[in-house]
Amino acid sequence: MADLKFYTNPQSRGQTVRWMLEEVGQPYDTEILDYASTMKAEPYLSVNPMGKVPAIVHNCKVVTEVAAICCYLADAFPEAGLAPDPKDRADYYRWIFFTSGPIEAAFSNKAAGWEPTPERQRMFGYGNYDLAINTLEKALTGKTYIAGNRFTAADLFVGANVNFMLQFNLLDPRPVFTDYAARMTDRDAYRRAKDIDGKLIAEAQSRQAAATA
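First residue of the sequence shown: 1071, per my numbering; consecutive thereafter.
Hints are not guaranteed to be accurate.
[Said to hold, decoys possible] Here are the simulated EDC-like pairs of lysine to aspartate or glutamate, each with C-alpha atoms no more than 16 Å apart in a straight line:
no.: 1; residue 1: Lys1075; residue 2: Asp1161
no.: 2; residue 1: Lys1213; residue 2: Asp1265
no.: 3; residue 1: Lys1075; residue 2: Glu1101
no.: 4; residue 1: Lys1208; residue 2: Glu1185
no.: 5; residue 1: Lys1131; residue 2: Glu1149
no.: 6; residue 1: Lys1208; residue 2: Glu1135
no.: 7; residue 1: Lys1180; residue 2: Asp1200
no.: 8; residue 1: Lys1131; residue 2: Asp1099
no.: 9; residue 1: Lys1269; residue 2: Asp1249
no.: 10; residue 1: Lys1122; residue 2: Asp1104
no.: 11; residue 1: Lys1122; residue 2: Glu1101
no.: 12; residue 1: Lys1075; residue 2: Asp1099
no.: 13; residue 1: Lys1269; residue 2: Asp1155
no.: 14; residue 1: Lys1157; residue 2: Glu1174
no.: 15; residue 1: Lys1208; residue 2: Glu1189
no.: 16; residue 1: Lys1180; residue 2: Asp1242
no.: 17; residue 1: Lys1208; residue 2: Asp1145
no.: 18; residue 1: Lys1131; residue 2: Glu1092
no.: 19; residue 1: Lys1264; residue 2: Glu1135
no.: 20; residue 1: Lys1122; residue 2: Glu1112
no.: 21; residue 1: Lys1213; residue 2: Asp1161
In short, the hints are calculated from the structure, not lab data.
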């Protein structure tokens, strides 16, 4: 039994954490949860009272929220080289949390068909969708990586979000975004993670089809 346990559903933001775990390269156990049942009941609610995934438990400590999990794993397993030196982490923290905050709020509200009116934009951390997305574009323009000269957990997290938004037509396919997403996902760990979750999704769909046949 590994000291690292991963709670997820393959059709969730857990896909980003799966990728991070594959980059880290340490053994981990996985527990798949169902949205309608096991995710909303004990024993999982003792792990995350929000009843949502992903979450990890490492050495008896719980970490939730994708950005926090990525940062935690990068620090817990420094041999993977997924975090810059502490003195070089300004951009690393800035763009991870910009993406987990303003960007996610902006695209989530847009996907729900809602955006703040001009007079209420000051109440929201992202102002408006265009401001948030244009700021991200400026951060990526002219760079191979978003936080230094090599791939880090910041690229994994930002790249996963950009890739997700492009796939679901929540982001204008500007070359800076499409090129960045393609570069960041061109990694063996990403392909392994996608293969694992893809097989889990196919198995779940097969079980569902058999149950309704």
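Results of checking the hints against the structure:
| no. | hint | verdict |
| --- | --- | --- |
| 1 | Lys1075 with Asp1161 | violated (29 Å) |
| 2 | Lys1213 with Asp1265 | violated (29 Å) |
| 3 | Lys1075 with Glu1101 | holds (8 Å) |
| 4 | Lys1208 with Glu1185 | violated (22 Å) |
| 5 | Lys1131 with Glu1149 | violated (20 Å) |
| 6 | Lys1208 with Glu1135 | violated (26 Å) |
| 7 | Lys1180 with Asp1200 | holds (10 Å) |
| 8 | Lys1131 with Asp1099 | holds (15 Å) |
| 9 | Lys1269 with Asp1249 | violated (27 Å) |
| 10 | Lys1122 with Asp1104 | holds (10 Å) |
| 11 | Lys1122 with Glu1101 | holds (13 Å) |
| 12 | Lys1075 with Asp1099 | holds (5 Å) |
| 13 | Lys1269 with Asp1155 | violated (36 Å) |
| 14 | Lys1157 with Glu1174 | violated (27 Å) |
| 15 | Lys1208 with Glu1189 | violated (25 Å) |
| 16 | Lys1180 with Asp1242 | holds (13 Å) |
| 17 | Lys1208 with Asp1145 | violated (28 Å) |
| 18 | Lys1131 with Glu1092 | violated (20 Å) |
| 19 | Lys1264 with Glu1135 | violated (20 Å) |
| 20 | Lys1122 with Glu1112 | holds (12 Å) |
| 21 | Lys1213 with Asp1161 | holds (12 Å) |
Consistency note: the structure conflicts with the earlier hints numbered 1, 2, 4, 5, 6, 9, 13, 14, 15, 17, 18, 19.
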